[in-house]
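These protein sequences, in sequence, are chains R and X.
The opening residue of the first sequence carries number 1 in my numbering; numbering runs sequentially from there.
The opening residue of the second sequence carries number 1 in my numbering; numbering runs sequentially from there.
Please note that the accuracy of each hint is not assured.
Said to hold, decoys possible - Residues from chain X that keep clear of chain R, each with C-beta distances beyond 10 Å, as calculated:
id, residue
1, Ile-13
2, Lys-31
3, Glu-63
4, Asn-97
5, His-102
What the hints assert, rightly or not - Short derived list, chain X residues pointing at chain R, Cβ under 7 Å:
id, residue
6, Tyr-5
7, Met-27
8, Gly-28
9, Asp-30
10, Leu-90
11, Asn-98
12, Pro-100
13, Leu-101
14, Asn-105
15, Gly-106
As the list claims (entries may be wrong) - Below, simulated DSS-like cross-link-like pairs (lysine-lysine); rule was C-alpha separation at most 27 Å, straight line:
id, chain 1, residue 1, chain 2, residue 2
16, X, Lys-17, R, Lys-94
17, X, Lys-57, R, Lys-96
18, R, Lys-70, R, Lys-108
Treat the hints as calculated values from the structure; they're not laboratory data.
Note that CB positions come from ideal geometry on N, CA and C, so glycine has one too.
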Amino acid sequence: GQQLNQSPQSMFIQEGEDVSMNCTSSSIFNTWLWYKQDPGEGPVLLIALYKAGELTSNGRLTAQFGITRKDSFLNISASIPSDVGIYFCAGQLKGKLIFGQGTELSVKP
Amino acid sequence: EADIYQTPRYLVIGTGKKITLECSQTMGHDKMYWYQQDPGMELHLIHYSYGVNSTEKGDLSSESTVSRIRTEHFPLTLESARPSHTSQYLCASSARNNSPLHFGNGTRLTVT
């Protein structure tokens, strides 16, 4: 079946540093989504990307929909302690969402 | 923003019990989904529905069943719970194809 490879699996960074994570797939998607999940909660949508090449920002977050439609990245600038959590990419095709394995982010104050 | 509610938040039950996890959304979304997630792991689609009286199995095989009698309600049932069913179950809805999914807070199920 379809698979998304998300990397890195985990990151330990200092507050104020920039963060980058990405997802790749052998499949083409119509939409790329980035979610953040806090412990014991459901995923919360951060950014949605609808067109190949699209670059979208949401505050300190920036994400891009790869030109080939098979990849996407998420950047977080000037990280703060509340950025801690698990970040998931998801590719969407015909209404079904396929998730990456997640990137667990830890931020040291 | 979608309002989607799951109950209970936490459930601990014994093996062999029948349980129903509730999911309701107030946005009139046609599409609803159930995902299963082990702690810190990726989400796996187990059921989805594109509207009333429509239900389909997802990519991950599950012994649970679902029903969609009303647009706003998409309950998931386990006829006989087993320890292997211990997991977090997340419900989601979306307005249309390629619209983002909005998730509930999940039900964390423990079967002893």
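Taking the hints in turn, this is what the structure says about them:
Every beta carbon of chain R lies more than 10 Å from that of Ile-13 of chain X, the smallest distance being close to 19 Å; the non-interface claim holds. For Lys-31 of chain X, the requirement that its beta carbon stay farther than 10 Å from each beta carbon of chain R is not met, with the minimum near 6 Å. With a least CB separation of 19 Å from chain R, Glu-63 of chain X remains clear of the 10 Å interface cut-off, as annotated. A beta-carbon of chain R comes within 10 Å of the beta-carbon of Asn-97 of chain X; the shortest separation is about 4 Å.
The Cβ of His-102 of chain X does not lie farther than 10 Å from every Cβ of chain R; its closest approach is about 7 Å, which violates its non-interface assignment. The closest approach between the C-beta of Tyr-5 of chain X and any C-beta of chain R is roughly 11 Å, which is over the 7 Å cut-off, so the hint fails. Among the interface hints, the one on Met-27 of chain X is violated; its C-beta lies about 14 Å from the nearest C-beta in chain R, farther than the 7 Å criterion. Annotation: Gly-28 of chain X was flagged as interfacial toward chain R, and the flag is violated, the nearest CB pair being 16 Å apart, outside 7 Å.
Checking Asp-30 of chain X against chain R: minimum C-beta separation of about 10 Å lies over 7 Å; hint violated. Annotation: Leu-90 of chain X was flagged as interfacial toward chain R, and the flag holds, the nearest CB pair being 5 Å apart, inside 7 Å. Because the smallest distance between the Cβ of Asn-98 of chain X and any Cβ of chain R comes to about 5 Å, under 7 Å, the interface hint for this residue holds. Annotation: interface hint on Pro-100 of chain X holds; nearest CB of chain R at approximately 5 Å, less than 7 Å.
Interface restraint check for Leu-101 of chain X: the shortest CB-CB distance to chain R comes to about 6 Å, inside 7 Å, so the restraint holds. Because the beta carbon of Asn-105 of chain X sits about 5 Å from the nearest beta carbon in chain R, less than 7 Å, this interface hint is met. Restraint check, Gly-106 of chain X versus chain R: the minimum CB separation of about 5 Å is within 7 Å; hint holds. The hinted pair formed by Lys-17 of chain X and Lys-94 of chain R fails the criterion: a straight-line CA distance of about 36 Å is larger than 27 Å.
A distance of roughly 12 Å separates the Cα atoms of Lys-57 of chain X and Lys-96 of chain R; the hinted pair therefore holds under the 27 Å criterion. Of the pairs offered as hints, the one joining Lys-70 of chain R and Lys-108 of chain R is violated, with about 32 Å between alpha carbons and a cut-off of 27 Å exceeded.
Violated hints, in rising order: 2, 4, 5, 6, 7, 8, 9, 16, 18; the structure is consistent with all others.
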